[in-house]
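Going line by line, the protein sequences match chains A and B.
Heads up: the first sequence at position 92 corresponds to 92 in the numbering used here, and the numbers run straight through without jumps.
Heads up: the second sequence at position 18 corresponds to 18 in the numbering used here, and the numbers run straight through without jumps.
Since the hints were derived computationally from the structure, they do not count as laboratory data.
Treat the hints loosely; a few may be bogus.
As the list claims (entries may be wrong) - Straight-line C-alpha distance at most 25 Å; calculated DMTMM-like pairs for lysine to aspartate or glutamate: (1) 41/A - 85/B; (2) 14/A - 65/A; (3) 58/B - 98/A; (4) 49/B - 98/A; (5) 77/B - 54/B; (6) 55/A - 98/A.
Unchecked claim - Now the stretches of chain B that chain A is said to cover, found in silico as 3 or more residues with beta-carbon under 8 Å: (7) 40-49; (8) 101-113.
Unchecked claim - Some chain B residues flagged as far from chain A (calculated, every beta-carbon gap over 12 Å): (9) 11; (10) 18; (11) 54; (12) 64; (13) 73; (14) 80.
In this text, all values refer to a predicted model and were calculated from it rather than measured experimentally.
Even for Gly, the Cβ is constructed at its ideal location relative to N, Cα and C.
Listed below, chain by chain, are the residues.
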Amino acid sequence: GAVVSQHPSWVICKSGTSVKIECRSLDFQATTMFWYRQFPKQSLMLMATSNEGSKATYEQGVEKDKFLINHASLTLSTLTVTSAHPEDSSFYICSARDQKEDYGYTFGSGTRLTVV
Amino acid sequence: AQSVAQPEDQVNVAEGNPLTVKCTYSVSGNPYLFWYVQYPNRGLQFLLKYITGDNLVKGSYGFEAEFNKSQTSFHLKKPSALVSDSALYFCAVRDISGGSYIPTFGRGTSLIVHP
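Just chain B, same shape as in the assembly (with noise of 0.2 Å):
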């Protein structure tokens, strides 16, 4: 069974400063883990994935995120905010042992930056 959780319903940040979207996740074998973002009345876009190989995963538009299989997070971050990365923001996993293609997807985190 594969399952991912987004504790957090909404982020706060202010422009410029550092931010931080959380995901956990639980796979019985190993994961691949993504990264997408949603602007209002549009689909998914993504923006990184881990799937093996270094633990810190670079992406678009600034974003990284960082595997950590002790810790079971994907946490997806950025130096600097910016009033443009306001979106809700999705982070999934797909069981690689599973057997199966579908990934579940956590609830989504609103991220707010404020000017």
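Chain A extracted, bound-state conformation (with noise of 0.2 Å):
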């Protein structure tokens, strides 16, 4: 089945530095990638759409110079976490969409940032 590999599973960082976070589809091509963000016992808030080779859509008060998001490649996202603030610690997941299944999406095994 399709499997999406995120990297790394938990990072801690001191404050004003910079994170980056892999989410790479495995055996299919993910023409759309999705990153969210989970705060602990809620829901996961979507935070942009990537499309490889375009830049990524941003929901509305997500910033998009400091979540810099990359899809340079059908099987590779990538988010960094620029100038890091504990507020930004969170659990961070991002999700493929197999471009030859309509309605498939995987998910990464997610990111714990910890931001100190």
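Take each chain as given, in its own frame, and dock them per the hints.
Okay, here's the thing in structure tokens:
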């Protein structure tokens, strides 16, 4: 079945530094990838939708300059949290849509970001 | 527009008893419907989906869900709960006619199965 690898699983960084999270589709081509943020005991908040080779579409209220998304190939999307602050600490999850399957969404295992 | 509601924040059930996690949806056209499960500090795992065809959909780990168009519901069920089923469950919908590939997720229901 479809597999999405998300790396790292967890990361601790200092305030002011940047952190990059990678999301790879291992056995399929993902035209579209989604980035979510999840707060404790809460639902998924869609941050942005990235399409291969084009600029990401950000949801209202999500800072484009702070959360940089790049989808350079059909199998890789990255989320970079720039100048991280403690309030950016959260669980970030990516999801990929298989371009061959109109209705399939596969999720990565998530990244726990802690900014100290 | 598409939306989904999971009216229960938490469902408690004894091991061995049947379980139901509720989900209702709203779409302009026809829906694609999904259930996912999330264990602590993990991503979402796919359980089952309804695209078309039989209203009763069988999925992973013994779960099933019934698509009810008149009630706009897609409740998740399992005949006999296991302690290991304790997790967070998300229902999601995508409007086929909406022209968007973005699914909408419910707020999640925490299922707690007591030994």
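Now for the hints, and whether the structure bears them out:
1. 41/A - 85/B: holds (17 Å)
2. 14/A - 65/A: Since the Cα atoms of residue 14/A and residue 65/A sit roughly 19 Å apart, the hinted pair holds (cutoff 25 Å).
3. 58/B - 98/A: holds (22 Å)
4. 49/B - 98/A: Cα-Cα ~15 Å, so holds.
5. 77/B - 54/B: Within the cut-off at roughly 16 Å; holds.
6. 55/A - 98/A: holds (19 Å)
7. 40-49: holds (count 7)
8. 101-113: holds (count 8)
9. 11: holds (14 Å)
10. 18: Holds, because the least Cβ-Cβ distance between residue 18/B and chain A comes to about 25 Å, which exceeds 12 Å.
11. 54: The assertion about residue 54/B holds, with a minimum of 16 Å to chain A.
12. 64: holds (18 Å)
13. 73: Non-interface label stands for residue 73/B: nearest chain A Cβ at 19 Å, farther than 12 Å.
14. 80: holds (26 Å)
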